[in-house]
Amino acid sequence: MSILVLADLHEGQLGGATAHVVAAANAIGGDVHVLVAGEGVQAAADAAAKLDGVSKVRIADNAVYAHQLAEPMGALLVELSGDYTHVLASASTTGKNVLPRLAALKDVSQLSDVIAVESADTFKRPIYAGNAIATVKSDDALKVITVRTTGFDAVESNGNAAVESVSVVVENGQSSFVKQELAQSDRPELGGAKVVVSGGRGMGNGENFKLLDGIADKLGAAIGASRAAVDAGFVPNDMQVGQTGKIVAPELYIAVGISGAIQHLAGMKDSKVIVAINKDEEAPIFQVADYGLVGDLFEILPELESKL
Amino acid sequence: MKVLVAVKRVIDYNVKIRVKADNSDVDLTNVKMAMNPFCEIAVEEAVRLKEKGVATEVVAVTVGPKAAQEQLRTALALGADRAIHIETDERVESLAVAKLLAKVVEEEQPGLVVLGKQAIDTDNNQTGQMLAALSGLPQGTFASEVVVDGDKVNVTREIDGGLQTITLSLPAIITADLRLNEPRYAKLPDIMKAKKKPLDVKTPGDYGVEVASKVSLLKVESPAERQGGVKVASVDELIDKLKNEAKVL
Ligand SMILES: Cc1cc2nc3c(=O)[nH]c(=O)nc-3n(C[C@H](O)[C@H](O)[C@H](O)COP(=O)(O)OP(=O)(O)OC[C@H]3O[C@@H](n4cnc5c(N)ncnc54)[C@H](O)[C@@H]3O)c2cc1C
Ligand SMILES: Cc1cc2nc3c(=O)[nH]c(=O)nc-3n(C[C@H](O)[C@H](O)[C@H](O)COP(=O)(O)OP(=O)(O)OC[C@H]3O[C@@H](n4cnc5c(N)ncnc54)[C@H](O)[C@@H]3O)c2cc1C
Numbered sequence: 001m002s003i004l005v006l007a008d009l010h011e012g013q014l015g016g017a018t019a020h021v022v023a024a025a026n027a028i029g030g031d032v033h034v035l036v037a038g039e040g041v042q043a044a045a046d047a048a049a050k051l052d053g054v055s056k057v058r059i060a061d062n063a064v065y066a067h068q069l070a071e072p073m074g075a076l077l078v079e080l081s082g083d084y085t086h087v088l089a090s091a092s093t094t095g096k097n098v099l100p101r102l103a104a105l106k107d108v109s110q111l112s113d114v115i116a117v118e119s120a121d122t123f124k125r126p127i128y129a130g131n132a133i134a135t136v137k138s139d140d141a142l143k144v145i146t147v148r149t150t151g152f153d154a155v156e157s158n159g160n161a162a163v164e165s166v167s168v169v170v171e172n173g174q175s176s177f178v179k180q181e182l183a184q185s186d187r188p189e190l191g192g193a194k195v196v197v198s199g200g201r202g203m204g205n206g207e208n209f210k211l212l213d214g215i216a217d218k219l220g221a222a223i224g225a226s227r228a229a230v231d232a233g234f235v236p237n238d239m240q241v242g243q244t245g246k247i248v249a250p251e252l253y254i255a256v257g258i259s260g261a262i263q264h265l266a267g268m269k270d271s272k273v274i275v276a277i278n279k280d281e282e283a284p285i286f287q288v289a290d291y292g293l294v295g296d297l298f299e300i301l302p303e304l305e306s307k308l
Numbered sequence: 001m002k003v004l005v006a007v008k009r010v011i012d013y014n015v016k017i018r019v020k021a022d023n024s025d026v027d028l029t030n031v032k033m034a035m036n037p038f039c040e041i042a043v044e045e046a047v048r049l050k051e052k053g054v055a056t057e058v059v060a061v062t063v064g065p066k067a068a069q070e071q072l073r074t075a076l077a078l079g080a081d082r083a084i085h086i087e088t089d090e091r092v093e094s095l096a097v098a099k100l101l102a103k104v105v106e107e108e109q110p111g112l113v114v115l116g117k118q119a120i121d122t123d124n125n126q127t128g129q130m131l132a133a134l135s136g137l138p139q140g141t142f143a144s145e146v147v148v149d150g151d152k153v154n155v156t157r158e159i160d161g162g163l164q165t166i167t168l169s170l171p172a173i174i175t176a177d178l179r180l181n182e183p184r185y186a187k188l189p190d191i192m193k194a195k196k197k198p199l200d201v202k203t204p205g206d207y208g209v210e211v212a213s214k215v216s217l218l219k220v221e222s223p224a225e226r227q228g229g230v231k232v233a234s235v236d237e238l239i240d241k242l243k244n245e246a247k248v249l
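As they're listed, the protein sequences go chains A and B. The opening residue of the first sequence carries number 1 in UniProt numbering; numbering runs sequentially from there. The opening residue of the second sequence carries number 1 in UniProt numbering; numbering runs sequentially from there.
Possibly wrong hints are sitting among the right ones.
[Said to hold, decoys possible] Restricting the straight-line Cα-Cα distance to at most 20 Å, the calculated cross-link-like pairs of lysine to any residue (SDA-like) are:
#1 A:K179 - B:G161
#2 A:K218 - B:G161
#3 B:K247 - A:A249
I should point out that these hints are in silico values taken from the structure, not numbers from a laboratory.
Input sequences plus hints: build the corresponding full structure.
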C-alpha cells in the first residue's frame, strides 16, 4: 500500500487537520507520503516531515497552486496519483473542493467523511446527518477518501521524513483568485479546540456574543454558532457548527440558546461532555446534554464567567 | 445564456431516519420525501438569474426513480422552464450522477450549471466537483454569492476560515451553500402551470452511461446513542459537576 495525503494549509502554514489525516493513513498501513502544494509553503512541508508515520513529503511550490484552487490542484493530484493506492485529504472545504475532481478524472468513486478504517478497502462513514453509520467497501483500484478529523487522534511530531520537490507544473486558465476575508481570531481553531462555547438564535444579536467571550477566554475555548445565528448575521459563516458547517468533538461543548436541531447535533454530538443552557426545559438539546441548566442565558452567562 | 440546475429527491430534512433491523440500510418506507434543501437554493439562484435577464432559459434535471418527477414539477413551479428526468431505480452514486449530468451538459451547452453543495441523505458533497472535472470546466463550490460579468462569473465561497472570492471563465459549475439566497415558495397558480411545462424522460442507457459502482454498502448501523444527562439547578452546581464529576475543568 502507498498512500498520498494532501496537506491542509492555513495561510501558508500546515493546518492542524493534516496530523489527523496522517493518523487515518497510518491506520490503513503502508508507505505514507504527504503532498504540500501551494506558494511559499516550505515551512508547512518541514512541519509535515515531522508527523509520525510519514516517510516522504512532496512539495509543489508554485504560484499556480496558490490558494489551492480546485482546477490546478485536481490536475496535480491526477499526475501524482499513479504512484498510490490511496489518496486522502481532510474533509475541510479544501479537501471537499479538490478530491472529487481527482476521483472523477480517475473514474473512481470517492468516500466522503470517513470516520473509521476497517481495512485497506473498507471504511465507516456517517450518512443522514450522522443518524446512521454506513460501512462501505471500495473495489476501485485507487481509493479517494476525505477524512473527518474528529474520527482520528492526531499523530505526534517526532518524525524526520525527507522533503522532495515535485516538478509537475500544471496550467490553469479557467479560474483565478480575487480575494479572501479570513476571520482574525486569537482563539483556537474550532476543529481543534478542547473546549467550544456556541451561541444560537437565543443570543438575540451579534453584540450579545460578547457574553461568550469572557467564558471562552477563561476556558481557552473556541466560539461556535448555530446556523440560525449565522443566518441572522450575528456572527460569520466560519463559526457554524453542524451538518453543513464544522464538525467538532471537543472535551467540553457548551451550547447556549441553541434548541438542538438534528442538523446542529450532527456537528457536535460526539463531544465528550455537553452542557446546554436554555430557557425552554423542553428544548431537544437537553436530550443529548450531560448537564442542562434551564434559565435565562443573560443571567446565567455573567454569573458563569465570574465564577469560573 | 442557458442555466442547468440539478435537483435531487431526498428525505425531508425534518425526518429522523431509522436503521433497518437487519442493518442492510436505512428504512425509507413511507418516509416523507422532498427536494434536497441545497437544490432548492440552486433552483432559486437560476430563476433569479433569469429574472435579472442574465439567463434566458432554466432547465432542471434529476436522476432517480419515477417519483423524482415530483421534485422536477416543484422546480418547474418555482420557475424552471423545462425538465429532464433520467429515470432509474438503481442506487446511483455521485460519480454516475456526474457522468449523466456531463452528458446533459454536452447536449444542452449551458453557460452555468448550478447544483446543491451536498445532498442531505448521503452528505457526499462531490457531484458538482465531479461534473466540473468530467466536463473540463471550472468550479465555484459552496457559493454564497454569484455574479455573472460578461464571459466570466465571480463566485464568493464559504470556506473554513471565512470567505473567498474567485473568478471563473464561463461555462462554469456552481454549487450552492446555505446563504446564497432564500428560496421562495411555489404559488398555487405556478404549481398548476408547472403541470403543463415540458418534461423529457430518458434513461441512463440513452446516454450510454453505466450506473454500476465499485463501492458496496456492507452495513448500516445506528450511531452510539447519547444518554441524556441531568439537569442542574444552579451555576454553582454546574461548575461543581464539571470539575469533580466530568473532570473537564
Ligand atoms: C439543509 C439544512 C442544513 C442545516 N445545517 C445546519 C448546521 O450546519 N448547523 C446548524 O446549527 N443548523 C443547521 N440547520 C438549521 C437547523 O435546522 C436549525 O434551524 C438551527 O440549528 C436552529 O438554530 P438555533 O438552535 O440557534 O435556533 P432556535 O431553534 O430558534 O433555538 C433558539 C433557542 O434559544 C433558546 N433561547 C431563546 N432565548 C433564550 C434566553 N434568553 N436564554 C436561554 N435560552 C434562550 C430558545 O429556547 C431556543 O431553544 C440546517 C437546516 C437545513 C434545512
Ligand atoms: C433511486 C435511488 C436509490 C438510492 N438508494 C440508496 C440506498 O439505498 N443507499 C445508499 O447509500 N444510497 C442510495 N442512493 C445513492 C445516493 O443517493 C447517491 O449517493 C447520490 O445519488 C449521489 O450522491 P449525493 O447525492 O450524495 O451527492 P452530493 O454530491 O452530496 O450532491 C450534491 C448535488 O448534486 C446534485 N445531485 C446529486 N444527486 C443527484 C441526482 N440523482 N439527480 C440530480 N442531481 C443530483 C444535486 O444538485 C445535489 O444537491 C440511491 C440513489 C437513487 C437515485
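We went through each hint and held it up to the structure:
1. A:K179 - B:G161: The hint holds at about 13 Å.
2. A:K218 - B:G161: 23 Å, violated
3. B:K247 - A:A249: 16 Å, holds
Checked against the numbered hints given earlier, this structure breaks only hint 2.
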